[in-house]
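Let chain A serve as the given structure and place chain B on it in line with the hints.
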Amino acid sequence: MRTLTVKGVGLAVLAPAIAVVLSILVTTLVIAAVGSSPGEFWSTMFEVPKPRLRVDIVNQTAMIYIAAVAAAIGFRMGLFNIGLEGQYTIASFAAASFAGAAYLGGFANVIASLAVAMAVGAAWSGIAGILKTTRGVSEVISTIMLNAIAVTLVGYFLNNYGVKEGNSVHTKNLEPGTTLGGFAPFEDRDGEIWALTIVAVLVGVGFWVLLNKTRFGFDLRASGQSETAALASGINPKRMILVSMMLSGAVAGLIWMPALFGGARNYGTSFQVGLGFLGIAVALLGRNRPVGMLFGALLFAFLSVKSNDLTFGTDVSPSIVQITQGVAVLAVVVTYEVVRRWRTRLEQRAVSRELAGAAL
Amino acid sequence: MPSAVDAVQLRGIGKRFPGVIANHDVDVTIRSGTVHALIGENGAGKSTLMKILYGVQRPDDGTITIEGTPVTLKSPTEAIEAGVGMVFQHFMLADNLTVLENMVLGAEKLHGIGDEARAEIRRISDRFGFDLEPDVLVEKLGVAARQRLEIAKVLYRGARIIILDEPTAVLVPQEVDALFANLRELKDAGNSVLFISHKLDEVLAIADDITVMRRGTTVGTADPATATKRELAELMVGSELPSPETEESTVTDTVQLSLDGVTLADEFGRHLLTDLSLTIRRGEVLGIAGVEGNGQSELVETIMGMRIPTAGRIHLGTEDVTHWHTRKLREAGVGYIPEDRHRHGLLLDAPLWENRILGHQTRPPSAKGMWINRKGARKDTSRIVAEYDVRAPGIDTPSRALSGGNQQKLIVGREMSGDPVLLIASHPTRGVDVGAQAAIWDHIKRARRNGLAVLLISADLDELIGLSDTIQVILRGRFVGTFEPSTVSPQDLGSAMTGGEAA
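Quick mapping for you: the protein sequence lines, in order, are chains A and B.
With positions in the first sequence counted from 1, the corresponding number in the working numbering is that position plus 33.
With positions in the second sequence counted from 1, the corresponding number in the working numbering is that position plus 21.
The hints are simulated quantities; they were obtained by calculation from the structure and are not laboratory data.
A quick note: this is a predicted structure, and the numbers were derived from the prediction, not measured.
Chain A is nowhere near these chain B residues, computed Cβ spacing over 12 Å in every case:
(1) Arg32
(2) Met71
(3) Gly135
(4) Val159
(5) Gly163
(6) Glu187
(7) Ala199
(8) His292
Okay, the calculated bits of chain A under chain B, using three or more residues with CB under 8 Å as the criterion:
(9) 247 to 254
(10) 258 to 264
(11) 267 to 281
Each residue gets a CB set at the ideal place from its N, CA and C atoms; glycine is no exception.
Pulled out of the complex, with its shape left as it was, chain B reads as follows:
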């Protein structure tokens, strides 16, 4: 039962990294004995916030109050002492140890490592319906059981406030129901749960309160009894200034990219993409809207030649490029702004000028025959740094030292070099500051005026509506609707993205 004292109060939490504001003015109140959902798109600042609450990172501003006592959490150990425990998305269990051994690992002082611990595990397991046998090897457990073990571990250590990071991402629907039953038990025993997710159905099913985050801050709360998925989706993707202004159409008649019935299956024959067809003409921006994980990454990787479709054809201009690999496509003038710039877009320890070469190894000004053209690459890097306003001490600085926004501006500048005919832009302004965002939008618009064809994937509906000439909605690997950005509202898109129902 909810008691008078709130389990957690976060007030005015702020956290800055060099060049990026990860959190600012975050306010969250978790009532005691409730499941509190924290929702928001990737990059909205949820993970930074939970790291702060779990003592992994220290906030620059704001206060944390746990059960009425203001606290400073310097490490996860201190968080656990204060009663806060966390279950990560990636389990931290030793497969070759038993349930008991995993449980007591690092907490040997609490109940020893023998029968007392075994009794305590049984007690927790029975109390919350976890169904854990202390002497079973963890490698024998399925995903759901491992997750229950992780939750039990946190309880064993005395946590009363449990953070669950996207717990349902790894579960099948029946397991989700079972997990929710466990969570209700936890709640009834007076524990509080912070449930992090971007799956709106689940949030509405389990949460007592909902807090929505966008662009590093909390933008509102909702009551799951009355809120609809559409309202939540709107709050999540929102409309925050500056928003890109739609300009008059520059679409020409020349088709630059066409997909015809493209299907991609994984090694088990499951369809990741099903029968996708689209055309992008010169001067056109085609936006792809969709909740993350519905095939966007696979679509990009297929067009970029990193995956080869199981069926269907892809044409670049008049050329059939279905079986082309990435390098050939890049040489043919396909620019690529990847979704995860650290993993796919940059060599973090290499200087900026070497990063200019990446993806352009075979073309001037980076290369001359089989040789790298160091002078040409350096000169062109200086040009990009100036034209795209990349704030860096010099082109010999390793790209790791730059802020997210400046890294992204460098990538945009690089991919716009060498007169591309097609640009694949995957979340081009994710995790960048507002100034860089506006600059990147301007660059895309200018390129579009000059006849560039653009495929834009974004989680930010305002960005999609503002930049696109046409919007396709993708759901479970299929296109489920085509919209005209001038007439569509974020609500319409939101409902198409979540499967069409209005509830």
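Next comes chain A alone, as it looks inside the complex:
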């Protein structure tokens, strides 16, 4: 039993390791093919990041990680919530508007705004949930469409009710009393790690507890593993779809909150798009496991932030890291499947070995 476990851990590390090596290899080939120097690229990328970038990496990791958890809630249930992007866009706008209106003061305003973000995110993903449970509409299709609708809707509200400042429009700035300070590990000019990065920790722990310790989490995993067995065990599939879809949306609503209360202070040009799609990729990379996704988020944040250095140090476009990220995800999906099959065979062999001798 013990050897089996050690082997199990070894196999779990093997797949991502192969994926990372493969993505480094492909990136190197692509850079060489376009006539740039791969050596220069990697030495720039692997250089120890400057303090300012280190702070950036932590903040980005937190937001990507929240997005990954939101995606993973859907994945574990067998749902593909591709609409994280739209959910956090509209939730961020709603929360920023609410926070800017300052109905409440100080910390209460922060908590209430987070609640607004979650509620709006859940409502937006709930639309896709209701469409699926009542009309059988695939959540992939409906959430993609809802992404477009969310962006348009937010643009409309912003243009009509936003605060105009020069050429840009944004929601009302947060009152100074309701922003949250951060923690500056280096000098002040290197920036702060935002206070609400703590949300990522809470979301990660919450996800783990929910999945492994609660009945709801068991039902969620059972539904994801076998719809038919879940039904026979008494799980109401429609309710599960709706609840997990909304839960995924609620978590998605939190994605940009660290930035809002940290650096941005309003919803406008500072809003960072694309975190939802990054989250989906990281969930795949981390196999929807809380710890795996943490490493995935860190890797992606590192690559994204560090790619800024490429502009000054090399003639390689920063966009090249998107190839690295893409190949990593593809490779991890493929290698995991190969490793999984191999592992199933090993387990079956272990069982027959154990039972050899004993009559059937």
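Leaving out everything else, chain B in the frame of chain A:
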């Protein structure tokens, strides 16, 4: 015309999967130019055997001789080269391609993809009366035409021995007649057909020879000219040791489950179940006999709350549970051994202890309030593994790695946990080895002595007669007869199951 050399000879074929013997000592001889029927209940080993003949799986023992030449078939490609082709129950056609394109797909080397291929398709179609137009899109074809296309595909690739897996399952009666006419043409041209079915009327109508399989082996052959449906049914369900021994009655007066005029209609208003009434008392086993597909699954799903009846009432004890959903019923003490354990009974990639929780998520020892009680579930899994003799390296083993018999013992142990008042057992010993079968029978009998009410659905008539206190026969969604197991014979049941006629 039958020639001197047999088309196929299978001798002593055996195939073992971990913990399950799928085939052993299988002997089949298909004479050249004949339709040979292979019959048997689900799980009798027919599909494994045809996979072996089609090169999908390799036998552990035995020899395959095709047209006088011993062969080793490593893949379907080699089977086709040897002249064996197969038409699966689920068609493998691309809807958005034409008949011609489907035909040549993967066989482009034979006659090209142009006019030569078109001529060849026309030739095959005319020769056997398939009525196929090469340039029609497959999505425009009906089921029967698609099936003819599948057969034509096999012929196009040069097969002389054609395996048809339950070809009539998807057809209406007129189409069945047309198919049989096609098969006769095939036969006249010297081809041989292996026809797999469990519909006895059809087998008697078309076959030249019949081989019967039960529990992984061939148990006999029959001549369709003289055999009756009753004799075939007997051979199919048979009486093989060990057979469960009936014990003295433990039936009490307390009614545990009653159905009163339960009717279930599908979305088109067709009746799947019609006016079913039954009662099961504490300590009673009610057996349901019937040829598969006559409403057994729907009956189970209705009682388990996965479907809601269109009319009628269901009572559990004194409670009206007609509109209860599965979880509430399970919480009220209804145990469920599903027909298909892989699809409905297990999470194959989850460890045994998580499978212990499945279906018991809301009850101790698996749960404490809204939390999963990991410790309690693990401890109780160890108890089940020991008490029910589940052979596994440990409770962290994924259930996929277990043999069928051990998976089933785990399910039986789980469903017997938490003092159930009613057990719905659907084919509880299907596909399990003889040892596990005897153990499962013992568990059901012991539970019955302790006052459990059991609804037993089975295709194995010996099992039904041996375990039940009463047997109801179901045919096309209706109960058509009630029998006393102590006096009924498999023959009587067989004739009631097939519609009463003695022929």
